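If you want the building blocks of each chain, they are given just below.
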Amino acid sequence: GAVVSQHPSRVICKSGTSVKIECRSLDFQATTMFWYRQFPKQSLMLMATSNEGSKATYEQGVEKDKFLINHASLTLSTLTVTSAHPEDSSFYICSVKAGGRGYTFGSGTRLTVV
Amino acid sequence: TQLLEQSPQFLSIQEGENLTVYCNSSSVFSSLQWYRQEPGEGPVLLVTVVTGGEVKKLKRLTFQFGDARKDSSLHITAAQPGDTGLYLCAGGQDGSARQLTFGSGTQLTVLP
Chain A
542 GAVVSQHPSR VICKSGTSVK IECRSLDFQA TTMFWYRQFP KQSLMLMATS
592 NEGSKATYEQ GVEKDKFLIN HASLTLSTLT VTSAHPEDSS FYICSVKAGG
642 RGYTFGSGTR LTVV
Chain B
-16 TQLLEQSPQF LSIQEGENLT VYCNSSSVFS SLQWYRQEPG EGPVLLVTVV
34 TGGEVKKLKR LTFQFGDARK DSSLHITAAQ PGDTGLYLCA GGQDGSARQL
84 TFGSGTQLTV LP
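Those protein sequences? They're chains A and B, same order as listed. For the first sequence, position 55 matches number 596 in my numbering, and the numbering has no gaps at all. For the second sequence, position 106 matches number 89 in my numbering, and the numbering has no gaps at all.
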């Protein structure tokens, strides 16, 4: 698969602040990236599909204004959790599908809102 | 909505034992992938199966795709503590705008 870098790996923020998470495709020009959320010991839940140069496609129940996605280049997608609250604390993971090489996942970001 | 059910949800076994994890759906998938995830890390791809009835082996791990491409299994022989992790199956659909559909996950703990 592609080489995917996600940053930061851990972040702690105060309630009411915003947090930006970056997902970079290092060796593949990704027109599409995917953002997931995962609770402890549970599976991945797709939040949104990030599309380069256009609006992201959000899954049902995911607030667009809460989770802002920007995919301004073929190698970078960002997820911003706005006005974060403790219930937004979770593990966020991005992924890239690099054509025939299949899906590769980032190493994830552990967000803790205090 | 496509659903992938995994069983068991939790499994705790002794080192050296064998185990099988199942992944079932009422939908047909063009491909099915198995991932292993460790705490604080993203999922890592173990295998992709695309042909009904296909069997793939990866050292002590054997993966099978059902003939109808609706189900899959993962068998681990002589489990080791290093096999501990969350195992996820995920189904893909060619031509679908959606990403992978993930199974509910199986948390495996292998005790020394």
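In short, the hints are calculated from the structure, not lab data. One or more hints might be untrue.
When the alpha-carbon atoms are kept at most 30 Å apart in a straight line, the in silico DSSO-like pairs for lysine-lysine are as follows [said to hold, decoys possible]:
id, chain 1, residue 1, chain 2, residue 2
1, A, K582, A, K605
2, A, K607, A, K582
3, A, K555, B, K42
4, B, K40, A, K555
5, B, K53, A, K555
6, B, K40, A, K607
Please read these numbers as outputs of a predicted model, since none were measured by experiment.
Hints versus structure:
1. A/K582 <-> A/K605: holds, 26 Å
2. A/K607 <-> A/K582: holds, 24 Å
3. A/K555 <-> B/K42: The hint is violated at about 46 Å.
4. B/K40 <-> A/K555: Violated: B/K40 and A/K555 sit about 47 Å apart, past 30 Å.
5. B/K53 <-> A/K555: violated, 45 Å
6. B/K40 <-> A/K607: violated, 43 Å
Violation of the numbered hints given earlier is confined to hints 3, 4, 5, 6; the remaining hints are satisfied by the structure.
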